[in-house]
Structures are given as C-alpha cells and as structure tokens.
Amino acid sequence: MTINIKKCTVEDLGILQEISVATFNETFKHQNSPEHMKAYLERAFNLPQLEKELSNMSSEFYFIYSNEEMAGYLKVNTGDAQSEKMGDASLEVERIYIRSTFHKQGLGKYLINKAIELAIERNKESIWLGVWEENANAIAFYNKMGFIPTGSHSFYMGDEEQIDIIMTKTLA
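Heads up, the sequence shown is in the working numbering, so the first residue is 3 and it goes up one at a time.
It is worth saying that the hints were derived from the structure and are not from the lab.
Computed from a predicted structure; not experimentally measured.
A couple of the hints might just be wrong.
So the derived label-pair ranges between C-beta atoms look like this [as the list claims (entries may be wrong)]:
no.: 1; residue 1: 174; residue 2: 36; range: 36 to 46 angstroms
no.: 2; residue 1: 69; residue 2: 152; range: 33 to 43 angstroms
no.: 3; residue 1: 17; residue 2: 83; range: 32 to 42 angstroms
no.: 4; residue 1: 82; residue 2: 173; range: 12 to 22 angstroms
no.: 5; residue 1: 27; residue 2: 163; range: 12 to 22 angstroms
no.: 6; residue 1: 145; residue 2: 44; range: 25 to 35 angstroms
no.: 7; residue 1: 37; residue 2: 3; range: 36 to 46 angstroms
no.: 8; residue 1: 161; residue 2: 3; range: 34 to 44 angstroms
no.: 9; residue 1: 70; residue 2: 119; range: 19 to 29 angstroms
no.: 10; residue 1: 172; residue 2: 13; range: 30 to 40 angstroms
no.: 11; residue 1: 8; residue 2: 156; range: 30 to 40 angstroms
no.: 12; residue 1: 17; residue 2: 45; range: 13 to 23 angstroms
Here are the simulated EDC-like cross-link-like pairs (lysine to aspartate or glutamate), alpha carbons at most 20 angstroms apart as the crow flies [unchecked claim]:
no.: 13; residue 1: 54; residue 2: 44
no.: 14; residue 1: 9; residue 2: 20
no.: 15; residue 1: 171; residue 2: 90
no.: 16; residue 1: 54; residue 2: 14
Virtual Cβ for every residue (Gly too), placed ideally from N, Cα, C.
Starting from the given sequences, assemble the full structure and let the hints guide the process.
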C-alpha cells in the first residue's frame with residue numbers, strides 16, 4: 003500500500019467539496035435526520051465557504067491517498083482560525099475524515115501524525131480536536147493516539163445541539 007499526503011490548494015476546491023460531503027455524510031447520516039444533514043452539508047461545504055477556508059492563512063487542508071486513490075482529508079487551524087480560543091500555542095485538528103471503504107487501514111494515524119508534525123514545525127505546545135460524544139470509535143482512536151479529554155463544546159447539526167468532547171495531546 004502506497005500512502006501519499008498532499009496539501010490542498012484553491013485548484014483542489016471541487017475535489018475538496020466532493021470528499022468533504024462524501025465523508026461527512028458517510029460518518030453521520032445514520033445518526034442525524036436527513037433535513038439536518040442536508041442543511042449542514044449545504045452550509046459547511048458550499049464552494050464559497052470552502053474557498054474562504056482554503057484561503058485563510060491560518061488553516062490548511064491535506065488529502066490522503068492510498069495507492070493513488072483519494073481516501074480522505076485533514077483540516078488544521080492555528081491562531082484565530084481555531085474553532086475555540088485555545089491560544090497561539092495550540093493547533094486544532096478541525097476535520098479528519100477517511101472514506102468508509104478505507105477504514106481500518108491506518109490512514110487516520112497518518113493524518114494525526116501529519117497534524118502533530120505540523121504542530122511541532124510551528125513550535126506548538128499542544129494539538130486538540132473536538133469529537134462527537136456519540137462517536138465511540140473515534141474517541142477510542144484519539145485516546146490510543148495520546149489525546150485526553152479536556153473539555154467540551156456545542157456543535158449544531160441543524161437546530162439540534164450536540165456535544166463534542168475536546169481532546170488534547172500535549173507535545174514534548
């Protein structure tokens with residue numbers, strides 16, 4: 003298996019939208035109403051919104067390929083781009099998604115390690131993320147990768163409030 007990670011650019015906007023919608027839908031459609039999913043996907047992953055995020059100098063997107071096939075992506079934020087005020091010493095993993103057909107192949111670990119590498123390059127003291135409290139598999143994965151629960155915040159799927167556990171990993 004050949005793994006490649008590639009930084010996204012504005013030229014990748016259409017591909018980013020496609021992988022964003024596909025992976026979010028695969029991950030959460032079974033636990034949310036079709037109306038809430040549709041509203042969220044249209045708001046979060048429309049082309050102007052993604053272009054704005056891609057153009058933000060404090061955010062970066064990376065695609066992961068397995069044997070040259072698009073398998074998923076990562077979005078990291080620093081500074082004011084973070085979804086919570088965690089300070090300049092932190093890097094946020096805002097999105098990390100792998101297509102379901104590529105689950106259990108270690109690709110999530112590659113993306114977390116990429117985020118850790120980016121944080122270290124930028125002299126960050128910690129890396130953090132929010133994970134839905136109902137997503138037991140993801141929570142177990144992040145625990146295995148050295149993240150610990152440090153708080154929570156609200157995430158809205160339509161008008162439904164969901165709770166994300168904030169998990170943090172302190173870097174050496």
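Verification of the hints:
no., hint, result
1, 174 with 36: 36 to 46 angstroms, "45 angstroms, holds"
2, 69 with 152: 33 to 43 angstroms, "36 angstroms, holds"
3, 17 with 83: 32 to 42 angstroms, "21 angstroms, violated"
4, 82 with 173: 12 to 22 angstroms, "21 angstroms, holds"
5, 27 with 163: 12 to 22 angstroms, "20 angstroms, holds"
6, 145 with 44: 25 to 35 angstroms, "33 angstroms, holds"
7, 37 with 3: 36 to 46 angstroms, "38 angstroms, holds"
8, 161 with 3: 34 to 44 angstroms, "42 angstroms, holds"
9, 70 with 119: 19 to 29 angstroms, "22 angstroms, holds"
10, 172 with 13: 30 to 40 angstroms, "36 angstroms, holds"
11, 8 with 156: 30 to 40 angstroms, "33 angstroms, holds"
12, 17 with 45: 13 to 23 angstroms, "20 angstroms, holds"
13, 54 with 44, "15 angstroms, holds"
14, 9 with 20, "16 angstroms, holds"
15, 171 with 90, "15 angstroms, holds"
16, 54 with 14, "13 angstroms, holds"
The structure fails to meet hint 3 from the earlier list, while all remaining hints are met.
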